[in-house]
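Peer 1: Chain F is fixed; fit chain X onto it per the hints.
Which chain is which? The protein sequence lines are F and X, in order.
Numbering follows our numbering, in which position 239 of the first sequence is assigned residue number 254; successive positions increment by one, without gaps.
Numbering follows our numbering, in which position 21 of the second sequence is assigned residue number 33; successive positions increment by one, without gaps.
Some hints here could point you the wrong way.
Dumping the calculated EDC-like pairs for lysine to aspartate or glutamate here, alpha-carbon to alpha-carbon at most 16 Å [unchecked claim]:
1) F:K172 / X:D21
2) X:K440 / F:D267
3) F:K258 / X:D478
4) F:K172 / X:D18
5) F:K172 / X:D38
6) X:K421 / X:D226
7) F:K175 / X:D478
8) F:K175 / X:D18
Honestly, the hints are just simulated from the structure, not real lab data.
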Amino acid sequence: MRPEDILVPTPSGVCCKPGGFHIDPTRPVERALITHGHSDHARAGHGEVLATQETLDIMRLRYGDNFARRTQAIRYGEPLAIDGVTVSFHPAGHVLGSAQIKVEQDGLRIVASGDYKDVADPTCAPFELVPCDVFITEATFGLPVFRHSEPLHEIGKLLKSVALFPERAHLVGAYSLGKAQRVIAMLRQAGYDQTIYLHGAMEKITQYYVSRGIALGPLELVRGAKKPDLAGTITLCPPSANKDLWTRRFPDPLTCFASGWMRVRARARQGGTELPLVISDHADWNGLTKTIAATGASEIWVTHGQEDALVHWATQRGLKARPLAIVGYGDEEEHEAEAQVKTGDGEA
Amino acid sequence: MNRFADLLDRLAYEPARNNKLRLMTDYFRRTEDPERGYALAALTSALSFQHAKAGMIRALIAERADPVLFELSYDYVGDLSETVALMWPADPNHRPNAIPTLSDVVETLSTLGKAQLPAQLARWLDALDETGRWALLKLVTGGLRVGVSARLAKTAAAALGDKDPNEVEIVWPGLAPPYLDLFAWLEGRADAPANRDPAPFRPAMLAHAVDEPDLAALDPQDFVAEWKWDGTRIQAVSGIGEDGQHVARLYSRTGEDISKSFPELLDVLRIPAAIDGELLILRDGRVQSFNVLQQRLNRKAVTAKLIADFPAHIRAYDLLMLDGQDLRDRPFAERRDKLADFIERLNTPRIDLSALVLFSTWPELIAARADPAQTGAGEDAEAVEGVMLKRRDAAYVPGRPKGLWWKWKRDPMIVDAVLMYAQRGHGKRSSFYSDYTFGVWNAANELVPVGKAYFGFTDEELKQIDRFVRRNTVDRFGPVREVVHDGDTGLVLEVAFEGLQRSSRHKSGLAMRFPRINRLRWDKPPREADRLDTLETMLQRIERGRGGQPAAANASLPKPH
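Just chain F, same shape as in the assembly (with noise of 0.2 Å):
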């Protein structure tokens, strides 16, 4: 048997044939199988949709109640039989509820990893290794110049800069799903304690992550509070938001942006980004090929990213490596602006 006889990837995602469904298909489907919340692998529109509880309840308060026709919620390391192939969920690292997909049929193994990382993360459980044979990799980090910042250093960087500019505002742009929760979690870790504001945007999801029991502290938003007391203040927003006439409420604000990209000079500069913070909810280029490595598998799938530069470093391991060109996988930023207009999230 070969894995191409499980899972067949196609431009829209990866398609299980035996098992009727698709893993984070870019157009609508009758049966999706999601790793996470993210709306370039979680869209609206499908027949049927399987994801973890978190995953579900994020696309629910996206894209509205009826964002699928059915659904039905898994929990991780829980095997699951659909037509006579064998799938499970496991914790990926990358946000609340997202998952690595385990599809399993006659011994041979293949993971879908969706997007993940193998570093701590306050927000979410912990990226867990799955041996497999072949092992399906995002490469949105895959070259050897992305290897990210101890998270902590960089949440000293910006604490740092409040202190030395107390009469201006700290703008920090992150998505608005994971990484600003994770922002404010590492914030609240450093010591920091003061109320943190949010912009509209950000309000449902930070609000959910909060009743999933994710201690986050004060938080407030920014729409409610006078230009003068946003003074030496912390202010999570989308990155777009930064570029935006929004910003003028803030006295002389400081534009930051949390990012794996910020690691490089040029894309930093082209935002306009004052204080960037090289902080990634993606494995880097250590964190890409150690997992690779370590999950024993002798194929490698490649779906979004660098994927020359980690095809590259597989083959010269001597394993199989091939890149997928799935359509519309990428960098969440623009994505996730796009769901923020589509569900009227974003704020005026």
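Peer 2: Relative to the frame of chain F, chain X by itself:
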């Protein structure tokens, strides 16, 4: 090294001058000697050691990294040093047990032989993190390029002791890295370091701007007028050192030592004195335009040919010291007499006296300013950028004292141009489209960009332009928006500028000097904006040396405000 690297990292992204100052002052306050002194030396380009070349950096990474992965990475990042800093794989068998300090790096580099440099660099790269490696490579390849001038770094150090930057400038020539005596003084632990330099810089006296209506409040009898020459303000100083050696130096207006760039001037400064004057290029006795001077200023290597093609000249305005005597407390009229005698004694064609503009009433001065060619400046009129008014009884006061010196610039050139592109600003302006590229019509009736301006408008006007840009965007390129600009719709900007020169870097072939937005012409359809011919005519007048007239006369006439 880590703290210095973090500082450079912040400075590289911080656009605002005041914030850069605060970042540096904070660093100097929190960092101990000698580390902070070497940082100050790095920021003021006062370190000298053999720099590493790009080829050496490439060779280093080739030993450690897969060539395919390096090429893919370099292609993505676009900068060699940054690529190497980011992807450098530490040697797992040789984990250094200490992170090098900036002092370690500087002190080692100053004695290291060229052959040992690659291995030493590799050891340091192994020990540092991404930001540390980036800073190290910037340091060893020369040129930090984080938007900090030597003057700004000294200003930040001065702020540590609430000192005026000029006070630091005065003692600076006698100091050397790591500046322990400087910091001791700034922190109030010691007296100011003695400046034993026989030819030190003395902080310059600067003028306030004045305009015609302001003259009514002044008595013409109290003042002397001179041409304001369009060159570079300098101070030329010479003296005898403790060892009996003659020392001559040339300083910029802010006290930077620029002696190396003008060796021919040092040779003629034989008498111990300090002259305040204007650096000009003279060819056959004629003052060349600022454009010509700039061609020499831009050149790094000073060759015999450069000196012959661009002969430097000092037009002397003032005399601060003579034969060991400080004249700064004396009235201007007395200093000027001494200056005239001194120039005669020097007797060199490279230094002459700035001529007076004679007048006894303000209307006479107004007429002179309007036509320098006919009132004494003659063929050099193009290099006159206005008149200076100096009180006869004024002492030479460092800084910009009120009421003693006035500068009255000639009217700027003005054109009506059409807004083509707008770019978002930084900091306070990060949500505003505040940098504007504007164009004029060419012969084919297309708009060609002729310049870029980001000041001159009020906050209220900025909001109006920003609104216009957001509502009239036709295309986007990253932070840049292209706005509608055809014959009927678009925004006409009245642009004022101080000069024009030819430029191969611009599509229009022209570059403006100090362009700024003078006025918004909401009333004017873009079709009626100026044409490239108009600018070309202005430029030809400048090149023929008769362009001293404000351009308003041959472009659109200035409208009443």
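Peer 1: Hints first: check each against the structure and report whether it holds.
Peer 2: Each hint tested on the structure:
1. F:K172 / X:D21: The hint holds at about 11 Å.
2. X:K440 / F:D267: 5 Å, holds
3. F:K258 / X:D478: 13 Å, holds
4. F:K172 / X:D18: Holds - the C-alpha atoms of X:D18 and F:K172 are around 9 Å apart, at most 16 Å.
5. F:K172 / X:D38: With Cα atoms ~14 Å apart, F:K172 and X:D38 stay inside 16 Å; holds.
6. X:K421 / X:D226: 13 Å, holds
7. F:K175 / X:D478: Not OK: F:K175 and X:D478 at ~33 Å, beyond 16 Å, violated.
8. F:K175 / X:D18: At roughly 11 Å apart (the allowed maximum being 16 Å), X:D18 and F:K175 satisfy the hint.
The structure is inconsistent with hint 7 alone, although it conforms to all the rest.
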